[in-house]
Amino acid sequence: MLKYQYYLNNNVVLRKEHFGGIVFNKNIGNTLDVDRETFILLQLLEQNSQLFKNEISYLMKQLNYSFEISDLTRVLKKLISYKIVLYSKVIYRDRCKDKLSYDIDNTWPKNNFLSAPETVHWAATYRCNLNCPDCYARRHKDSFEEMTFNEAKSMVDKLTKAKVFQLAIGGGEALIRNDIVDIIKYAANCGLAVHITTNMDNFDRQKVQNMSSHLTALQFGIDADRLLSDTNYLKKLHLSYLIAREMQLNIGINIILTKKVLNNFDYIIRSLVEVGFRRIVLLRYKPHDNHKRWLKENIKPGEMKNFEPDMKEIISQYNNVKFRFDCALSFLQRNVSPKRAKKEGIRGCVAGERILAIGPDGSIYPCSQIIAEDAKIGNILNTDFNELINNSKRLRKYRNFRNKLVFRSSICGICKAKDHCGGCRVFSHNRKEEDIGCPEPIITDIKTCGKYGRKADLKHYFKNHSYIKVETYMERYGVGQKRAVKELKNSEWLVKSYGSDTGRKKSDYYVERDNNIVYEVQDLIGFTSGGAPFAKAEEIKEWINGDKSYPDWLKRINNIF
Amino acid sequence: MEIISVRKGFTADHSSTSYKFLAIDEPLDQKNINKVSSLSSRARPDDRAVKFTYKGDFNDLPGGWWPLLEKHYDIMYSESYDWWLFAVAFSDPDPDKQQEISRYAFNGLEDLGVNIDIVEERIIVSFSCVLDYGEAYEILDTNTNYGYKDNKKDLEDYLYDDSLLQLLADIRSQLLDEDYRAFDVFWHEYGEPLYSQDEIKELEIPYTNELDYDSLPNNLQYLSRILRCI
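In order, the protein sequences belong to chains A and B. Note that the first sequence covers residues 88 to 648 in this note's numbering. Note that the second sequence covers residues 893 to 1122 in this note's numbering.
There could be a bad hint or two in this list.
Unchecked claim - Label pairs and their in silico Cβ distance ranges:
no.: 1; chain 1: A; residue 1: Gln296; chain 2: B; residue 2: Ser910; range: 49 to 55 angstroms
no.: 2; chain 1: A; residue 1: Glu390; chain 2: B; residue 2: Lys923; range: 41 to 47 angstroms
no.: 3; chain 1: B; residue 1: Asp1053; chain 2: A; residue 2: Asp185; range: 55 to 61 angstroms
no.: 4; chain 1: A; residue 1: Arg180; chain 2: B; residue 2: Lys923; range: 55 to 61 angstroms
no.: 5; chain 1: B; residue 1: Asp1053; chain 2: A; residue 2: Asn218; range: 52 to 58 angstroms
Honestly, the hints are just simulated from the structure, not real lab data. Just so you know, even glycine gets a beta-carbon here, dropped at the ideal spot from N, CA and C.
Here chain A stands alone, though its shape is the one from the complex (with noise of 0.2 angstroms):
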């Protein structure tokens, strides 16, 4: 009789977890949360070679799991579809079950917090042969020394230890390093799936060659400036392609969407796809230190809800190109359903949880935007790394960064994607609250989402209005008289104002504290006869306070004022 045996791919790694554990295929990236039943199903067929689905059934059974097995059958299927477990057809014969092994730890971590980030992200250095206008890194080009060879040995076998999957090489210019090939060679053959993402001006050919074998995936990260006025880029751009495709690598395009994207977006992916490219990150653009280029190409929320729908119909005019979105960008799913999210892996801002950055001296941030004196974690090569993942304070803010006050009391943190969202740290004042970037928080539940959520919903309320009254407040949260009027008059940033203040037949509302004076500029510019004022409030707001855009921590480190 002929049955199916099942295997773990080769190319799979398992990492026990508080709920389970996570899968990786670092050839193909799938990664996998699974529940315990399924993670031992994948310690049973890790520790046994090949078993047939009967022994599976009973070294489960063996180990105090049971299960249906139309579940098993289910679960295995998934498995297979997603190159987890492979099988092979042999004719069955009852095996001895007494030699099967199942010596597996049943017990599981009781931290309720991942043991290791799945993915680190390296700037092995910040130095680079071209200056891009709108590189993020730039400011921190002459910030860091870098580390030595063997140090960079030490830190990836401290990641290998910790199990992290993927160590993913970016800078500055990560190929200007002289001993990259030599990094990346270690880290792969120790396990961990390297990426390397590079500008194509410094594409040597020998050097990818000699590394093209170890390497996951490789990213260009492209100019849009250079392609919309360069016509030798885009040659260049495929004849960087045909290199990489030659030595059968996997290559893929990170492009920066800034205004000018925007306002070439089909261009520029018709001219990536028929260059070759299938994989297409889009990155959103990130504060820099030139706040005047800023201003200029930063994509305001409300021309961002207007491209939604455009860019979602150009992407889906390719089926075969598969786009991304950084993280930054999760504000982009945030119509998924939070239970197709948690099934997806949508997870939003994962800093500090899923990935970790270590800067080119080995200090460990949150997320590779979030590189502050105040964000350092410690430095990995003189720290125990498990020790700083289950200890270190600043990690835990960053990790729960969802269940804080200052963040619950912010317009995501009543948002219905806050969960697979959250939004950007980076586009957060303080990285604590909202993310000032949202092209459109989902507000479903005003009436029901407490007082905190009242006071974040006001904030919001105010971006497109410059007063609210009692009954207004009453009547848009469901609350009476009595805890209207408290409630506003605790908001310390309100002042309460008066209709002949305005000498409009209004009383009892409030306004901004700090912006009577918007008021005031609005009333000497007038209304319209319909009563509509010819200016908004949110637009006044903008010329006396100047620009809102742009997050007041990175203001103070890029000293712009």
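Please build the complex by placing chain B on the supplied structure of chain A, with the hints as guidance.
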């Protein structure tokens, strides 16, 4: 036992779950078209056919495919991550015939095989299988541009445009004529490796472990070629 979440990797993967239904005996009236339409905002059923596609891993047809075959359609095929389900449905009130056909159900290798359900007069036969894409390329590559309100056609057009639907329509027709050799083809691939002749006798399964390929009609020969084990 559960896979909690799946984050797809570096390589392009556009897996989806899809269903295609066709009504053979009777077209749907507007009321029933509306009912089918209400199942998905993106489905655009006409009076004969409908297609549902669910991108991503964890969406699926609300209520499952079953009620649609029970009430509205006569044949269906579905693909989900390379696992295929073929189904044909027809009405036959004769209890003897119902009993006879139900004997052909079997659960073979990897739960692949034949399932037969009878609800009053309605007999729903479903085949779980895996296809050899090399052999099946021809039928999977046919035009499936149907199921759109602005593209109404005759039944023959639907079958002409989609060879897999044609194959299922032929199987349905054969089953209605009490020609059950389609079951033999599935048995040969998914049942035969699991059962000895003694077990077949003991369980009174109406199969023999021999498939006379040459005597099969063309459609079943083709079916035999496109089926494979996982």
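Here is how each hint holds up against the structure:
1. Gln296(A) with Ser910(B): 49 to 55 angstroms: Violated - the Cβ-Cβ distance for Gln296(A) and Ser910(B), about 41 angstroms, lies outside 49 to 55 angstroms.
2. Glu390(A) with Lys923(B): 41 to 47 angstroms: holds (45 angstroms)
3. Asp1053(B) with Asp185(A): 55 to 61 angstroms: At 58 angstroms between Cβs, range holds.
4. Arg180(A) with Lys923(B): 55 to 61 angstroms: Given range 55 to 61 angstroms: holds, Cβ gap about 58 angstroms.
5. Asp1053(B) with Asn218(A): 52 to 58 angstroms: holds (57 angstroms)
Against the hints set out earlier in the document, a violation occurs for number 1 only.
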